[in-house]
Amino acid sequence: MTDSVAVQVRSYLAVFGALLVLTIATVAVSYIHLPTTPAVALGITIATAKAALVAMFFMHLKHERRLIYVSLILTAVLFVALIGLTLWSEAYHVPGTKFGPW
Amino acid sequence: MEIPYTTQIRPDTGLTNPKLGIWLFLASEVMLFGSLFSAYALLRMGAETWPDQSAVLSVPLAALNTLILIASSVTMVMAWASLKDGSLPKYRRYMGLTILGGALFLVVKSFEYSEKFSHGLFPSTDIFLALYFTLTGLHAIHVIAGMVVNAYLLGPGTRLWAHHREQFTNRIEVAGLYWHFVDVVWIFLFPVLYLL
Amino acid sequence: MLRRYIFSTDHKVIGLQYGFTSLFFLLVGFVLVLIIRWQLASPGEPIPFVGGLLGEQNAPGGILLPEFYNQLGAMHGTIMVFLAIVPLAFGAFGNYLVPLQIGAPDMTFPRLNMVSYQLYFIGGVIMLASFFVPGGAANNGWTSYPPLSDLAPQGQTWWLAGMLFLIFSSLLGAVNFITTIIQLRAPGLTWFRLPFFVWAQLITAFLLLLAFPALQAAAILQGMDRIAGTSFFLPSGLVVSGRPLEVSGGGNALLWQHLFWFLGHPEVYVLILPALGIIAEVITNNTRKPLWGYRLMVYSLFVLGFLSFIVWAHHMFLTGMGTVISAFFQATTMIISIPSVVILSSLILTLYGGSIRINTPMLFALAFLPMFGIGGLTGLPLGLATTDIPLHDTNYVVAHFHYLVAPGTIFAMFAGIYYWFPKATGRMMNETLGRIHFVGSLVCMNLIFMPMFIQGLAGVNRRLWDAGQLYTHAADTIYLNVPMAYAAFGLAFFQLFFVVNLFMSIRGGAVASANPWEATTIEWATPTPPKAHGNFDRPPRAVRDPYEYSVPGEAVDFSPQSPGAPDDRLGT
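Residue numbers (the working numbering), protein chains in the order written: chain R, 1 to 102; chain L, 1 to 196; chain A, 1 to 572.
Worth flagging that the hints you see were computed from the coordinates, not collected in a lab. We treat Cβ as the ideally placed atom computed from N, Cα and C, and that holds for glycine. Take these hints with a grain of salt, some might be off.
[Unchecked claim] No more than 35 angstroms apart at the CA atoms, straight line, and that leaves these computed lysine-lysine pairs for DSBU-like: (1) L:K109 / R:K62; (2) L:K90 / L:K116; (3) R:K62 / L:K116.
[Said to hold, decoys possible] In silico contact screen, one side only, chain A against chain L (beta carbon under 10 angstroms); selected entries: (4) T108; (5) I126; (6) V175; (7) T180; (8) D225; (9) S241; (10) P244; (11) V247; (12) L255; (13) L259; (14) F262; (15) G264; (16) H533.
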């Protein structure tokens with residue numbers, strides 16, 4: 001960490017402010033009752049932005065080492081594979097073999 | 001026998017052992033909650049109908065909980081910053097607030113749960129409630145675990161500060177990483193379970 | 001005494017704890033399958049000798065009930081995979097050797113290491129205890145597919161609880177291994193100077209770290225189904241024994257399969273990778289040559305590790321998935337055979353032009369190669385979706401994976417035990433007994449598993465308590481169960497040579513020097529046994545690659561990676 005503690009503290013408070021704003025935004029957007037796909041996309045995007053702020057600043061990821069980044073990117077790829085391939089597998093079924101109305 | 005790089009940074013990796021260890025553990029936690037989010041996605045997409053989540057659950061309470069947890073994340077990192085600044089009393093105050101934040105979160109959560117139960121809404125009622133209780137329940141268990149660790153670090157664990165300041169500060173950073181992660185999980189749970 | 005042996009934080013003690021506990025579970029799993037083999041050879045007959053001990057609710061009059069047979073099958077698989085092989089390959093060999101091979105004083109988190117073992121132990125106790133609860137142990141295969149497992153008796157919940165402990169143990173172990181290998185390598189030990197064994201353990205740890213949580217999640221969901229009445233895996237409209245099930249429905253039984261196999265496939269690479277690591281060490285040492293294609297083998301490990309996460313639905317080809325997604329999983333499955341073949345070929349090529357020494361570890365290592373080859377090749381028709389259709393859930397599958405774990409991984413475990421025994425104890429195991437153990441095991445294993453392919457190709461299903469008696473298509477091959485049973489008991493007989501040898505040699509074996517195999521890797525640079533809490537007399541330093549055997553111009557045919565060791569005759 002190259003920044004002084006005081007500088008970091010200012011950034012924490014700024015991030016806190018941003019997180020408050022984003023939380024209000026995500027609740028506000030939900031009252032608009034968008035159709036499912038854009039609602040999910042927007043909701044996940046805002047959540048990702050909030051998570052990124054927490055990770056980058058509170059968890060000091062912004063200044064973290066490459067090894068940590070590599071492990072996290074690998075994890076992210078595998079998570080996407082898990083959810084993506086599972087949904088893809090269940091979305092297209094041979095007729096008569098599905099559970100519920102896919 | 002001293003294990004190298006417990007407190008000192010190993011030059012070529014730039015990391016201490018606990019820092020690397022906790023990030024690896026968090027990676028596995030990402031896969032754990034990720035698996036549960038996958039279950040949610042699969043079950044919802046395969047469902048004939050899905051309840052209006054914001055009508056079943058209380059968005060205001062959850063929004064409040066979101067703010068509580070975010071605030072406790074701020075106090076957690078401030079606790080660490082206080083130690084970097086060399087102030088144990090400031091650390092105690094911020095760590096105390098962090099634990100308080102966790103406790104408040106759980107109070108709101110248990111209020112939410114008992115509200116559901118009193119209206120005859122249980123995990124066995126439908127698939128959405130099953131997911132809601134399981135996901136938030138597992139998250140709550142993680143909150144409790146974090147509070148236990150933080151309580152130890154506020155209590156008997158503080159003894160380490162007397163002779164090993166840097167090691168103690170690093171411990172708070174590591175505990176903080178876990179606590180922020182618990183916050184991040186909630187940041188995703190909130191929209192997914194309450195708003196969408 | 002308690003602190004030194006039961007609550008030790010020394011990785012060597014913990015490694016030995018894992019070793020003895022896992023060998024015990026290997027024996028338990030073996031006994032379970034011996035009962036199965038007898039049953040399949042003479043279905044409906046009382047089991048001799050032990051029939052009476054099994055209890056009236058399991059085997060009235062000594063004749064196995066189908067429900068109990070299913071318990072034997074499910075627990076044989078569960079115990080072998082999660083309580084025997086993984087703790088032995090990863091927990092025992094990994095814990096004991098990784099810090100030594102990288103020149104470290106211990107693991108990065110010794111107390112966490114101790115907790116990992118304790119969690120494993122508790123998980124094992126829970127699994128064994130489940131046999132004695134009403135309804136008996138889990139009896140839904142080691143794969144625990146719902147809806148059946150959701151509705152099974154109490155023992156299944158014990159299985160879930162046991163798995164949660166075992167998984168947590170492995171996760172903590174994985175964190176420890178990865179951190180240790182990254183952070184505690186001795187000076188001079190750069191990444192491409194690591195012994196292949198260490199690379200194998202590193203990749204294995206990543207597989208455990210990132211794949212096991214999916215099964216944790218699945219176990220939690222199934223636990224909720226069984227205890228809280230949820231329907232995560234119970235579809236709407238399910239009828240059980242003629243009556244509609246009184247649950248909310250809306251679940252998906254395939255969700256379990258996806259989550260289970262997301263772990264399940266990397267799990268089988270967890271079973272084989274440490275074995276490949278051991279074989280590599282034994283072969284390079286006993287050919288007095290460096291490993292052929294070391295870098296290529298390491299890159300193959302990366303590719304294998306990554307791909308292992310995206311092949312899982314080849315276990316689900318018959319669940320009605322669409323053709324495109326099936327083609328995707330088929331493609332990744334075919335591609336993953338490439339790094340496996342690269343590793344196997346490199347091991348074989350290492351033999352070429354080597355000064356091959358024959359000793360017990362080397363015999364097991366040499367036999368491993370064709371056995372792994374058979375296991376791997378027979379996987380190809382399973383990985384291709386179309387040919388999987390007649391083979392899925394038959395004995396062909398059972399034979400395929402047993403060739404990989406039995407004369408595959410277990411042979412590698414034996415090789416490792418015979419090889420590193422002198423480092424842990426200062427004594428050699430008896431060579432004659434070792435060779436008898438080897439020949440007997442090799443012959444018997446082939447006699448058990450080769451006929452199983454024939455049965456599978458004839459269409460005989462796996463997990464049939466009466467071996468397929470009621471099916472006409474099984475009639476031609478059912479007789480094979482008789483010689484297979486003889487071979488199984490023969491295999492049991494030959495393990496006696498190993499057990500006797502093991503215990504006898506601890507006190508009575510020929511005294512060994514610190515480096516009796518004249519090996520180069522750093523674990524041999526410790527005193528024997530390695531120093532408690534610290535391992536090395538002097539901090540090691542790696543000055544060369546790990547397998548500098550027969551270096552031209554040197555006086556002796558091996559150049560230790562960390563010189564100045566007890567048996568270093570180069571004196572550099």
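List of violated hint numbers, smallest to largest: Going through the list in order, the structure violates hints 2, 3, 5, 9, 10, 15 and respects the others.
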